[in-house]
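Position chains W, D, U, Z and L against the provided structure of chain Y, taking the given hints into account.
Chains Y, W, D, U, Z and L supply the protein sequences, listed in that same order.
Note that the first sequence covers residues 1 to 270 in UniProt numbering.
Note that the second sequence covers residues 1 to 270 in UniProt numbering.
Note that the third sequence covers residues 1 to 270 in UniProt numbering.
Note that the fourth sequence covers residues 1 to 270 in UniProt numbering.
Note that the fifth sequence covers residues 1 to 270 in UniProt numbering.
Note that the sixth sequence covers residues 1 to 270 in UniProt numbering.
Do not take every clue at face value.
It does not matter which identical chain is used: a pair holds within one copy or between any two.
[Claimed, not checked] The calculated BS3-like cross-link candidates involving lysine-lysine, where the alpha carbons are at most 25 Å apart (straight line), are: (1) 208 with 270; (2) 208 with 241; (3) 170 with 241; (4) 208 with 170.
Hints are computed from structural coordinates only; laboratory data are not their basis.
There are 6 protein chains.
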Amino acid sequence: MFYHDDELQFEVEVEDPNPRFAKMLQQAIGGAEGEMRVALQYMFQAFAVPAEKQEIRQFLMETATEELGHIEMLATAVSKNLEGASDEAREAAREDAVIDEMMRSGQPRQALSAGLHAMPVDSNGAPFTGNYVIASGNLAADMYANVMAESTGRLLATRLYEFTDDPGMKDMLEYLIARDTMHQNQWHAALEALGEHRPVPNSFDQSKENQEYNYTFMSTAREEREDPQQPWTQGEAPDGKGDFSYSPRQPGGGNPDLDEMIDEMHNEVK
Amino acid sequence: MFYHDDELQFEVEVEDPNPRFAKMLQQAIGGAEGEMRVALQYMFQAFAVPAEKQEIRQFLMETATEELGHIEMLATAVSKNLEGASDEAREAAREDAVIDEMMRSGQPRQALSAGLHAMPVDSNGAPFTGNYVIASGNLAADMYANVMAESTGRLLATRLYEFTDDPGMKDMLEYLIARDTMHQNQWHAALEALGEHRPVPNSFDQSKENQEYNYTFMSTAREEREDPQQPWTQGEAPDGKGDFSYSPRQPGGGNPDLDEMIDEMHNEVK
Amino acid sequence: MFYHDDELQFEVEVEDPNPRFAKMLQQAIGGAEGEMRVALQYMFQAFAVPAEKQEIRQFLMETATEELGHIEMLATAVSKNLEGASDEAREAAREDAVIDEMMRSGQPRQALSAGLHAMPVDSNGAPFTGNYVIASGNLAADMYANVMAESTGRLLATRLYEFTDDPGMKDMLEYLIARDTMHQNQWHAALEALGEHRPVPNSFDQSKENQEYNYTFMSTAREEREDPQQPWTQGEAPDGKGDFSYSPRQPGGGNPDLDEMIDEMHNEVK
Amino acid sequence: MFYHDDELQFEVEVEDPNPRFAKMLQQAIGGAEGEMRVALQYMFQAFAVPAEKQEIRQFLMETATEELGHIEMLATAVSKNLEGASDEAREAAREDAVIDEMMRSGQPRQALSAGLHAMPVDSNGAPFTGNYVIASGNLAADMYANVMAESTGRLLATRLYEFTDDPGMKDMLEYLIARDTMHQNQWHAALEALGEHRPVPNSFDQSKENQEYNYTFMSTAREEREDPQQPWTQGEAPDGKGDFSYSPRQPGGGNPDLDEMIDEMHNEVK
Amino acid sequence: MFYHDDELQFEVEVEDPNPRFAKMLQQAIGGAEGEMRVALQYMFQAFAVPAEKQEIRQFLMETATEELGHIEMLATAVSKNLEGASDEAREAAREDAVIDEMMRSGQPRQALSAGLHAMPVDSNGAPFTGNYVIASGNLAADMYANVMAESTGRLLATRLYEFTDDPGMKDMLEYLIARDTMHQNQWHAALEALGEHRPVPNSFDQSKENQEYNYTFMSTAREEREDPQQPWTQGEAPDGKGDFSYSPRQPGGGNPDLDEMIDEMHNEVK
Amino acid sequence: MFYHDDELQFEVEVEDPNPRFAKMLQQAIGGAEGEMRVALQYMFQAFAVPAEKQEIRQFLMETATEELGHIEMLATAVSKNLEGASDEAREAAREDAVIDEMMRSGQPRQALSAGLHAMPVDSNGAPFTGNYVIASGNLAADMYANVMAESTGRLLATRLYEFTDDPGMKDMLEYLIARDTMHQNQWHAALEALGEHRPVPNSFDQSKENQEYNYTFMSTAREEREDPQQPWTQGEAPDGKGDFSYSPRQPGGGNPDLDEMIDEMHNEVK
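Next up, chain Y with everything else stripped away, as it sits in the complex (with noise of 0.2 Å):
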């Protein structure tokens, strides 16, 4: 089960409010690259854990809680960056000033159903949905889905780094982005700790799969092109279990023929 203290894993201050910026952090706490996909895939994945590897369970569940801790400290950056700043003299101009740029360049929910505060969308106001959330119980796929989304949640957070100027912000993505670096590794070092993993899943009996097409690069241009001679198309394949070849024609199929449906359908106009 789960415990909070009230402290914040690392400080959030911002110098100068804006709600332009307020809006973008929505992307990290509710979007498809964000806190609250990664806290919640790592807690799915630790969900279907097996009692034997308990240690693994251990490591995605530590790192989901520390995910929670994240979307905690982005949450105060957006209520800190839709509050006026604190001097008696900004004030008195603050409240004007808010909701004229709420109208202009805000997020209309941030102010309309949640009184300036964070919500579970993303930064263009559609809701947080599970579908981001990849638990396929299947240790390899899922620290795939963990590198994934720890490379597209660290580029998130260079880009979110580039449009602001304010020190405390900087400060805390300059800590985010760190703790990206981590994590990014940390999938990484156990996907080697996993030895020879590929092709994912290694446990279906790999003399099953089609083995004419299993490791052809086939060109799907409309005029036929020669082989291009890339690293895809010659070589040794990075599983070590076949040769890349290329073929500028694909298998034939033939027609797919359907039959009529059953007249219950009314597909037919007679």
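The following block gives chains W, D, U, Z and L in isolation, referenced to the frame of chain Y:
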């Protein structure tokens, strides 16, 4: 632009139509691990490739184009699993059996919305969504997304394989599993060809990221645990740019200290 | 920030695994009345609490954190309902039975996407969505949202209770139903502690609202009906700030008199 | 069944059209707190009322029907905010201004998909979804859902009020806020009329629920905290059926001890 | 504004309750071809009609209003299919049978979320979405959307008809099919009344569109095919404004020649 | 299966990049009226055509394939509108301007998730969904869906045309508008070729539908109105199979008389 010819990439035959399997095949069409996802993912990735990397654009686009043909194969497989068999004896019994089976354990919309044909939905009946498509603009991140997509895709295909005894369906899946083997390998080959690309994105000046926490596994166990001495807590990190360490304690970021919001939000209870 | 320990909040045992019940349990994980909703709802509400109300932030956050542990319990229950039993005799028969049951009345993606484990979807197979989360920034509105969430949540748990005879599942549900009893009560207690907070939000100057129609039940029956003399058509209103009345007629607002739009919209048929 | 007449329930005038406000009004049409939600929520609740409670069915259905008229009012308000003004001088300048404003801070689809009219989407541009509708079959749970809907709905209306200076829009919102006051009160009145209905559902034999933990606030603070002596940790619970207590420790449920899944799932990395 | 009376538009009786059919009926409520769609579609279309076309507004709104009553009929049908039968003998057996059937082939949320009543979801269990509603602001486009909606709607109703033997359900569907016949015809009649309205929108100066390719069927067959001499490759086009021709070749637009993006996007792999 | 060649179907040039227009172009890619919709709609319709109607399958599939090329053109247009111009003078200023414009009125995810490229989302930022695809299995219903799709699609293109002054964008849109003219016409031609196909589906024995109400316009005006003598209340119906009539009164279906549900649903408030 795109072209089409009438033949399938590989033949699709069904000996013993099975509406339950037709429902499951939807996952490979409109599901998170399905062919619509990879076709559109590789296509949108290709759309973003600058002119000077024409060979990468072709690489992505040709595989995107192949995946479009896989949607066609699977849609044919769905229709054939929902068709009655061709011999007269079974024809007589066909209609009630199909309707009965659809009511018991089929996917209702395959009958009600599509007249016993395939739909752009997953096996649970949820619609395909653009959320599945990952096209980040960064080639390394995209390649990891593709490795993930082909890993979960091949996993799905092997699971479908276990759910059928139909020889035609097994043939088709053996072909698709082989193609997934190739596609996994080709994206790995592209990653290798990129050279040292980690951490993704490697264009962000890594000296800017927080240097204290970028290679440290931070435990979030409630009770502090000793270093479990796993591959992700010690030794050189896979990106070759740091050494793993372990911390049973998180840095403390202080309490989030939010101000009250402006009165116009009516957040206050008076 | 958040922490985790390895133990579940309450034990989860399944004597007689049942894939059909595994499907239904998904509603309590990723459904509109489920634990992901309340965990995230209380968490986002907590994120918006200003520093001066630290005890409210803790109140919300500690319950959010408890709900995270309920997701964990339920995900364990799903996996165990999809597992075969452990004794050898049943082991032999296990595989075909599970596969057959999944095809007949299981949730396809639990097998195909998750390898017979839990997913962030509801019992119909639709993904969890951020739309379920209500965090308005106004504490009174939030508390009513929480009472609603725990009322529909406890209702769901009692219905699940009726769908199972498994002693382990009954134990778990008796525990979760008890926690829902507590949570319903605690949000009500918080509402009482707010004092007279109605109508929500009570920070809006009520003299500004239209004074003719703010305590009148307006019938929309086609044929005018007499006052049905119900508790909502007469007597003092529950907020203590007006007396109910009844109107069989609506005020008339005139026809909506829209102009044509600008030519550039091409709304016109010439 | 339903009927309609041409007049609006209350007049809708706009003096100074404002595309930014048109975007925000969408929240009150197709948003989580909007009129489509309450209209459909009360309607589906009414659909489930048994014949013997005809007065409840009428109560719900008549208010559902009123809310349909509010969608009509708000859609009129959106169109009028997207219309140019009528006098000739402004007419000349109107077209470019509208197009410019839509590009800068309007909602693109109001122009592109609807020709400058209302749509069933929220202010962020996300579509209305049936997920917003809560109709549980249990009257007490439904009434709490309705109190919540009218609380967040009135909160939204007061926030919209702060975003406009247009006298016509203020009139309309003063009317809608008044109706929300009434609706909040009427659902509360219905709850009072139900008598002692807590905990919801009260038809579940409460002696079956776990008796140790049904009135205990369980802290999930990482460091054990003393009883904060809040209204939710001591005294009689609001449902009158138990006394609150406080526990700094959770019951321990043991580790989740999952078996490996069947081989056919290919969860294993060999 | 809207009104309601207690009677259904047409009677709804169920002799032999059938939870499987209750699931299928959901498609006609909350599905892409269902009554929520047409009710809201015609309503939003009506909302956009300018004052000078009052008779069109009434035409659309009166049919929208009728469709609201169809939702009510179908929701009644769902509840009655989920009810047990009334005679005592079956009453005794009823409860287990309903619960068993819901577990085997019912829609779980009809029980778990709605207490055995209708919901705003489709037969696959996916929620109704505002995406289904087409209200373009252009009357001709809207009428084609309505013809489409009533064509797929009547098709759905005839398919549902084939899935039931219940006399009450057949009566209801015969009525709804008849109404769909009328509605198809009325939208066609409105299109005819518009006179020459094609191509839609006809307010766009057609001389501006590319004159080489506006009446040419362009084949995208990989191998060039001869003109198949179909009604869409030769003869006068239905809009009477051009003659069809056939082209086995597409115009060539050159390669898309994208620049690299700005460094701040971190698209580059260094 | 599908093929691709490197050239666009038609050239795409942008003289004056405009991030606001890039946002609007998304509607034509991933929106309800966009090219993803028609490409997939025609493709899934083609997938359902039986072998004996090969020419119809080719007709649908070739146009589906053309639409794939339109996605490619529009994605190129989006990227070019997000690119800075190529000359050095503007290059210097480019970066801040793009970032500033994206923050003010761009679509955040085009930068944050896609590195300033196209995405499978609409102009409001909502993801493409399989819900947009209509493929009913019945050719007449499908053709009406296609006429609707091309009508709203051409309407969208003409509206986009009004939002740009860029000569390159105008060229591209003049081409796409021309293609929509062709596609509208070709689906109409196919409908004409079907002969008398109404009411859709015409394979349902029309004598079974309710004969009293199948050609009657039923008014739902609250106050009974006289026959407005419109084309839909009198004269022969467009399908030639009945004569319109007008009824100011609806048939009365009695009250919906639902029983209480089984106790296990806990619908009751005791």
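The hints, checked one at a time:
1. For the identical chains of this complex, residue 208 and residue 270 are inter-copy neighbours only, at 16 Å across copies versus 46 Å inside a copy, given an alpha-carbon limit of 25 Å.
2. In this assembly of identical chains, residue 208 and residue 241 lie within 25 Å of each other by CA distance solely inside one copy; the values are 14 Å within and 41 Å between copies.
3. Taking the shortest alpha-carbon separations for residue 170 and residue 241, only the inter-copy value of 22 Å comes in at or below 25 Å, while the best intra-copy value is 46 Å.
4. For the homomeric pair residue 208 and residue 170, the shortest alpha-carbon distance between copies (10 Å) is at most 25 Å, but the shortest distance inside one copy (53 Å) is not.
In this structure, every one of the numbered hints holds.
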